[in-house]
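*Asks:* Here is what each chain is made of, one letter per residue.
4 protein chains.
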Amino acid sequence: MLKYIHKVQYYETDQMQIAHHSNYIRWFEEARTFFLEKSGFGYDRMEAEGIVCPVTEVGCRYVSMVRFPQEVVISVRIRHFSGVRMTVEYEVLLAGSGTVCAQGFSKHCFLSSSGKPVALQRERPELFQFLKSQVCEDK
Amino acid sequence: MLKYIHKVQYYETDQMQIAHHSNYIRWFEEARTFFLEKSGFGYDRMEAEGIVCPVTEVGCRYVSMVRFPQEVVISVRIRHFSGVRMTVEYEVLLAGSGTVCAQGFSKHCFLSSSGKPVALQRERPELFQFLKSQVCEDK
Amino acid sequence: MLKYIHKVQYYETDQMQIAHHSNYIRWFEEARTFFLEKSGFGYDRMEAEGIVCPVTEVGCRYVSMVRFPQEVVISVRIRHFSGVRMTVEYEVLLAGSGTVCAQGFSKHCFLSSSGKPVALQRERPELFQFLKSQVCEDK
Amino acid sequence: MLKYIHKVQYYETDQMQIAHHSNYIRWFEEARTFFLEKSGFGYDRMEAEGIVCPVTEVGCRYVSMVRFPQEVVISVRIRHFSGVRMTVEYEVLLAGSGTVCAQGFSKHCFLSSSGKPVALQRERPELFQFLKSQVCEDK
Numbered sequence: 159m160l161k162y163i164h165k166v167q168y169y170e171t172d173q174m175q176i177a178h179h180s181n182y183i184r185w186f187e188e189a190r191t192f193f194l195e196k197s198g199f200g201y202d203r204m205e206a207e208g209i210v211c212p213v214t215e216v217g218c219r220y221v222s223m224v225r226f227p228q229e230v231v232i233s234v235r236i237r238h239f240s241g242v243r244m245t246v247e248y249e250v251l252l253a254g255s256g257t258v259c260a261q262g263f264s265k266h267c268f269l270s271s272s273g274k275p276v277a278l279q280r281e282r283p284e285l286f287q288f289l290k291s292q293v294c295e296d297k
Numbered sequence: 159m160l161k162y163i164h165k166v167q168y169y170e171t172d173q174m175q176i177a178h179h180s181n182y183i184r185w186f187e188e189a190r191t192f193f194l195e196k197s198g199f200g201y202d203r204m205e206a207e208g209i210v211c212p213v214t215e216v217g218c219r220y221v222s223m224v225r226f227p228q229e230v231v232i233s234v235r236i237r238h239f240s241g242v243r244m245t246v247e248y249e250v251l252l253a254g255s256g257t258v259c260a261q262g263f264s265k266h267c268f269l270s271s272s273g274k275p276v277a278l279q280r281e282r283p284e285l286f287q288f289l290k291s292q293v294c295e296d297k
Numbered sequence: 159m160l161k162y163i164h165k166v167q168y169y170e171t172d173q174m175q176i177a178h179h180s181n182y183i184r185w186f187e188e189a190r191t192f193f194l195e196k197s198g199f200g201y202d203r204m205e206a207e208g209i210v211c212p213v214t215e216v217g218c219r220y221v222s223m224v225r226f227p228q229e230v231v232i233s234v235r236i237r238h239f240s241g242v243r244m245t246v247e248y249e250v251l252l253a254g255s256g257t258v259c260a261q262g263f264s265k266h267c268f269l270s271s272s273g274k275p276v277a278l279q280r281e282r283p284e285l286f287q288f289l290k291s292q293v294c295e296d297k
Numbered sequence: 159m160l161k162y163i164h165k166v167q168y169y170e171t172d173q174m175q176i177a178h179h180s181n182y183i184r185w186f187e188e189a190r191t192f193f194l195e196k197s198g199f200g201y202d203r204m205e206a207e208g209i210v211c212p213v214t215e216v217g218c219r220y221v222s223m224v225r226f227p228q229e230v231v232i233s234v235r236i237r238h239f240s241g242v243r244m245t246v247e248y249e250v251l252l253a254g255s256g257t258v259c260a261q262g263f264s265k266h267c268f269l270s271s272s273g274k275p276v277a278l279q280r281e282r283p284e285l286f287q288f289l290k291s292q293v294c295e296d297k
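Residue numbers (our numbering), protein chains in the order written: chain A, 159 to 297; chain B, 159 to 297; chain C, 159 to 297; chain D, 159 to 297.
Bound conformation, chain A alone (with noise of 0.2 Å):
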C-alpha cells in the first residue's frame, strides 16, 4: 500500500508543544492527493478534466500526540466508492516506532465546475473505472 510521509513543520504546533489537531485534516489532503497521484489519476488533472471533488465530511481520532520535527507515515485507502460518493480512510503512525497516532476519514462528492453533482460513471467513465479499481474493502 502507498504511504505518505509528512514531517511535521515548527508552524504547525500549537503552545501545548504538539501539531494542533487542525493539521491533520491537512495531512489527511496531503496523503490523499498523493495517492491519487502516485495512482495515476492525479487531482489537478481531475480539476482538468472539469470536476471537483469536494470534502462533505470528515473525522479524526488523535491517539497519540505528534511533536516537531516527527515524521509521520500515512496511509490512505479508499473505503467506499458508488461513482457519486467516495469515502477515504486514513491512518496515521509514528515514523519509525510505528505507534498510532490518529484514525481518520474524509467523505466526498464529485461536482462539475459549475457544482452541479456528476455521476462519474456516465460522464467521465475513465476516472470512474480508475477509483473504482481503488478501491480496499478489507481490513
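Heads up, a few of these hints could be off.
A pair holds if it fits inside one copy or across any two, identical chains being indistinguishable in the list.
BS3-like, lysine-lysine: derived pairs with alpha carbons at most 25 Å apart [claimed, not checked]:
{"no.": "1", "residue 1": "Lys196", "residue 2": "Lys161"}
{"no.": "2", "residue 1": "Lys165", "residue 2": "Lys196"}
{"no.": "3", "residue 1": "Lys196", "residue 2": "Lys290"}
No lab work stands behind these hints, which were simulated from the structure alone. Bear in mind that the values here come from a model prediction, so they are computed numbers and not experimental data.
Following the hints, position chains B, C and D against chain A.
*Replies:* Leaving out everything else, chains B, C and D in the frame of chain A:
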C-alpha cells in the same frame, strides 16, 4: 445561547473558491475558546491553572459551501462532561440567511501540564463546577 | 484612521508559546480587506469587477511577541498608489497597552482575471479614484 | 548547496488559484529547519539546549506565481551571523524549470528559554562554531 461570528478570510479560501474544509476545525476552536471565555472560565485561565484540554476526536459534516467574505455564526454547546472527558457540539450558519453550512463536534480530555489525565472533580473543583453548569443536553 | 482588531487564536500559537510569525502576514491581509471594505470598495467587489490584486512583496519587523488570547489592533494606510502599483503599511499594537508589536508593508499590482497587468486609471476609473483618495502620505 | 523541495498543497492555494503568499514565509521556515538539521545542528537540538531562535524580521519578493501541485526548490544560505543575530536568505525556484518564483530573508535573534538574549559565543560555543561555519557570504 452564545454565538460566535467568524468572517471568512481570503487566506482561508482555496482554488475551489470556497473556504477550505480544514478551517472549520479551527473555527470550532475559535468558537469554543470564545464560549469558555465569555462564560467565565477562559482557556488561558485553564492553562494558567495547569490544565490543558487537548482534542481527542473531531468531526464535521459540510452541508453548504462558505465563501470569502461571508460571515458565519457558530453556536457552541457542551453536550457531555464527565469530569474526565467533554464533548462539544457546533453548528455553523451563514450570517443573515440562517442556512446551515456545517455541523460538527470535538471531544476533549483534561491533562496536567506534565501530560497526566486529571479528574477535575477532585483536582480542580471550580473548573469542574463551571463546566458542569455549562452542559446543555437538550436539542 | 480605521483600526482592525484581531484576537490571537490558539491555533496561531507555536511551541515557543507565541503567535507564529507567519500569521502576521495573514493579519495584514485581514486588516487590508477590512480597510478596503469599510472604506467602500471591498476586495470581493474588486474581484467581481475582474481585478485581482496579488501581493508582489511583503515585509514585517517583529518588535514584541504576541500571545494567546491577546488582541492586537492593526492600523492600515495606503502609502503609495500609482494606478499600477500600490504599497500598504501596517502597524500592529497590543490592544490596551499600545505596545508596538510589529510593523510591516505589502506591495501589490493589479491584474485582470486572465493575469494581465491593468492600468486602473484607464480601465477601472472608479476603483482608481477610490484608491487614490485613500492614499495617506503623512507619517 | 543544500536544497529543500516543497510540494504545493491544495490547502495552500487561494481563490486566485495560486499558492497564498503567506505560505512562502512558512516554506522559508521549512527550508531553514531542513538546512540546520541536515547541516548537523537541528532546531530541536537547539531548543533542547535551551535556545530559541525567534524571527525578528522577514521579507519576501514574489516574482512568479506558484500553483498546485507544482514543486518548488528552496535554497538557503546564512548570510550573516554575529553570535547575537543571524540573517538567512532564501531563493524559491520552480522545480524543473529553474524559474525564480520568490526571494526572501529572515532575521533572527537567540534567546534563552526564559526569553533573555543569549550571546552564543560565550554561552553556547558549539552552536556558535556551527553557525559561524555555515555562513555563506559570497553571492
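*Asks:* Looking at the structure, which of the earlier hints fail to hold?
*Replies:* none
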